[in-house]
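With the hints as constraints, model all of the structure from the sequences given.
Taken in sequence, the protein lines are chains A and B. Okay, so the first sequence: first residue is 1 according to full-length UniProt numbering, each after it adds one. Okay, so the second sequence: first residue is 1 according to full-length UniProt numbering, each after it adds one.
By construction, these hints were calculated from the structure, which means they are not laboratory data. Honestly, I wouldn't trust all of these hints.
[To be verified] Just a few of them, taken from the derived set where beta-carbon distance is under 10 Å, the chain A residues facing chain B: (1) Asp157; (2) Pro164; (3) Gly173; (4) Gly174; (5) Val178.
As the structure is a prediction and not an experimental result, all values here were calculated from the model. Built from N, CA and C at the ideal position, the CB exists for glycine as well.
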Amino acid sequence: MTMTANSKQSSKRSKWALDFAHKTKQDKSVEIPSPPGYTPTGSLFHNVEYMRESDSNHLIIKKSWDLALGPLKQVPMNLFIMYMAGSSISIFPIMMVGMLIIRPVKALFTLQQTFKVIEGTHAFGQKFVYFLGQLVNIALALYKCQSMGLLPTHASDWLAFVEPQTRVEYSGGGFIYV
Amino acid sequence: MAPFAWTIRGNVNRFFVDAQILQYLIVLAGLFNLSLCLYEDQVGKFDWRQNYVGKITFASFDTVSTAKKIIVATEENVIAAFNLKSGQIIWRRVLEKGGHIRTLGGVADGDLISVSGGVPAIVRAWDLATGHILNEWPIAEQNTDRIKDVKWHIKDGTLHHILPIYNSGVEVTSYDSKTGEKLKTRRVSAPFISQETECVLAAPYLACLKGDSSLALVLLVHLFDTNAQPQSVTINTIFGAGAQGPYKLESVLGEEPVISINADNDQRKRILAVIGELPIPIQRDIAGDATLYVVSIDNEKVLLETTYKNGKIEIAATDLSSSAPLPDLSVTLTHTSLQSPTIMASVCPRQTKGITCRHLLSSQDHSISLLQHNKLVWTREEALASIVAVEIIELPMSDRDQAIETEFDQKERDVLSMFLRRITSQINQAKAFFQTILDLGPQQSNQRIDLVRDKFGLHKMIIAVTSAGKLYGIETRKGEIIWQLRLPNIRGFTKLSNTMILYVQRGSRHFPHPPQCALLAEDKETGEGVVYTFNPITGQPLDGLVKLGYKIKQSMLLHVTTDDFLRGILILDARNKVHVYPDSAIAVAASLGKSTYLFTADQTTGILSGFSLSYSTTQELIAHKVWELLLSPRNQKITQVVAKNPIERVHSQGRVLSDRSVLYKYINPNLVAVVTEGIGHAHKNTLNLYLLDVVSGAMIFSITHKRVRGPIHIVHSENWLVYGYFNEKGRRTEIATLELYEGKIQSNTTVFSSLATTKLPIVERQAFIFPASIEYMQETITEKGITSKHIIVALANGGILELPWMMVDPRRPTNPEMREEGVIPYMPEIPIHMDAIINYNQSVSRVMGIHTSPSGLESTCLVFVHGLDLFYTRVAPSKTFDVLKEDFDYYLIVIVLAALLISSYITKKLASQKAQKQAWK
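What follows is the structure in structure tokens.
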């Protein structure tokens, strides 16, 4: 009980201050002040808890913004990968482009899970930014596909599905027999 | 150090050279990849060839050589030797096209001399055993206008050229038949010969008939005795009194100088034989339709009279001078493959058992048979050398499949009746099964068991119509003739170079209705149209021969079937009246009137006319002329009218360009290519090609080639046209191609109407040098049109070339920078790769036509080449992408799969055990 009270008291005092004034015999035997720099574990705990209590909101917001801006921060990296991949149709560029497309799509599907831990006033905005970032990534990947000619955007890509024209008139004949 | 550096440089240089060679090799390999070739063990596996010679004109038994054979010359200008026992061709020499063999002789003396052609006549001496040509020399004709009156006679190594000269005599020029040396010229006096005198050669006499009343005289001139006077016999001494003219003189075949005279409108005939030096008339009437042959047996002359009545052949042998019948040598025979035969050659050698006669018979249906002592030894179907129309038809399903088909074909769909039907059909199947086991079942159908449709639709039936009026059903696996039938009294349409029209009215897919084909031809006597309908699988007549009673001008097959899946035939008669055959299809035809058009092209006047049936009522069909076009400016003559194959389907509607846009094809099903040939302005041979829409009569495109001559061969398919011609300027054969495109936008994506489309197509064109002479061209066709197209080209050297259309693509860029995907850069010459010759060493002669037909496999197209020879094979233009290769290792894949399956189970077990062990640790 006393321990807790004392520690509470000491925590109230300045950390680096040495008190030589209160020297009683009881005190000597009982309470020797801790050496400089020593902090009991409990006090440290108290400190962090205190900080969190004071800064927790701020930190959460900061952290979650980090998360939300992650995709946008990836954009330069993706651009570099795209540049390096080249535009030839071979296994590695295709794999890279596949990854570029699949990752943001996957992330979009797991959006709720990612933001489960984050609550706060900014949650909606963060979600939106995160979503926007992933969309930018997808757009980049699609642009890459387009530049590689993988998107069926030309008429020739749909040629196989063009039905033959049905004929209206039927004709026959040739050289006369008689 | 220096030599080392030098070697490095040398190595580098060599490397570059090697790399270049490698590049060439790769390019070469790429070219070879386009074609399809055959392995040695596949020879004869998918293809077969049959050799024919045609209708025989001269024949003789070679009894001199050690190997007995028959030497024949035919109408197709072919000289061949047959094996006496089997009738197989020992050798065959195909002479020049369009020539005629005038005479064949000298076989009895151990050498073979033939005279062919006219100006100059070409005499050839042949080696009897091998058919090699020994000598060839020409005879320059003095009187070129009288070429048809010239008679030839070969005797004892001397060739006699016999020409009757009017009002003077007979000029006989003799040559040494081996060397061509002119021996002597004689003139035998015969002042009675005039333009009207009918003369026949009965060597050594020339027999002439003068006058046609009862006072007519038969005069005999001895050709080799200049001192002899012409001997004359009056008709009255031959026939006695009361014979009516006109008389007809004929030389009786055989070695003896015997002539026959027909009288009383060919009702009867008598013969005049020269025995000793005197002409002796034989006082015996012979039936007018009998054909005669004189054969000598042990110096006895025997007359063979061949008559044909109701399928029975009778060869009556009589002694020539005494008319005593010789029953030992007479033959009576009934055989389906002999139809009014004529003895072309006969030998009767005396053997130990007695006299055995061998007769070589030529029937009216062009078939050749050997008759030996009452027995038919062999028959050759020589009518197949002159096929005029071909169709390839699917075989019907097997009886079991048909039973299943009938079971599910019923209309009602309630559970109980279907269940009952199921039970009954299973009982029937079980019954049939037990019957086959106990071997007492009745033959369910009269057709052969192996003539059923196979899984891939590769086994089909070829229906061949020949100019002799004989029809054949040939199965495609081995080329065996399944059925044959002859239609007497019909002929091909004279204006269409004797072709007949064959339509498939109903295929084999409409069980229980039998498949039906219709043949359109002319009646021999009246020239009016006839229709003959038959079952193409069995050869059984369906409606039989129907005389139409009017002349057929043009015909077409309707595209819509009646309720019993029969497609009617629309016939335009000479008075532009429309008829429908059969009558049950009139309602269908009338309902289609609005969308049916017919066009005619008149070769003599050069007029093309288009008819519309839109004015038709339900009772009557009316053909109304909607357009007319005169296509013969300045001595031009229409030589070709080529439409597309009506069963063709086009899968791809456009062509992808390098910028990934689409150039849409102009696929006009009513487009027809018309070719006119003739003399142009500056008296050069010119060729005009017109692309005509036959519905609207609109001219889509036209092109003129100057200094170009035929024969033109055209292939018209999809949106392109390939035609081959001879370029007189470059003195080479060229192939030109046209391709029609609608542009980058399709004007109407769903329907095509010739009347609504006004925009002219974009035409791409290109010409190539073709390093061979072309006999015929045809494109491959497949069921869905997905497979790329190849062109089957029959070459004059006997090869059949499979030429990828890609090689004659008019969009092959001349500028190599402008490359498109899958387009080879332009090269003026089309190479002929030996790998692309689909008949490898099985040369075919005188190709008259190529018929292509889709098989059940999309990748495969069936090809039937006919001419003097028949050749059948199958081609896969895009390789067999839809079937596994023949040598596919089924066992390996099964073993690998099984091993993988088992190993995965085992490893699963092992892994779980290991996990368990780890968990206990």
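Quick rundown of the hints versus the structure:
Among the interface hints, the one on aspartate 157 of chain A holds; its C-beta lies about 8 Å from the nearest C-beta in chain B, closer than the 10 Å criterion. Hint status for proline 164 of chain A: holds, given a least beta-carbon distance of 6 Å to chain B, under 10 Å. The interface hint given for glycine 173 of chain A holds, since its Cβ lies 4 Å from the closest Cβ of chain B, which is under the 10 Å cut-off. The closest approach between the C-beta of glycine 174 of chain A and any C-beta of chain B is roughly 5 Å, which is under the 10 Å cut-off, so the hint is satisfied.
Residue-level restraint check for valine 178 of chain A holds (minimum Cβ-Cβ distance to chain B is 5 Å; threshold 10 Å).
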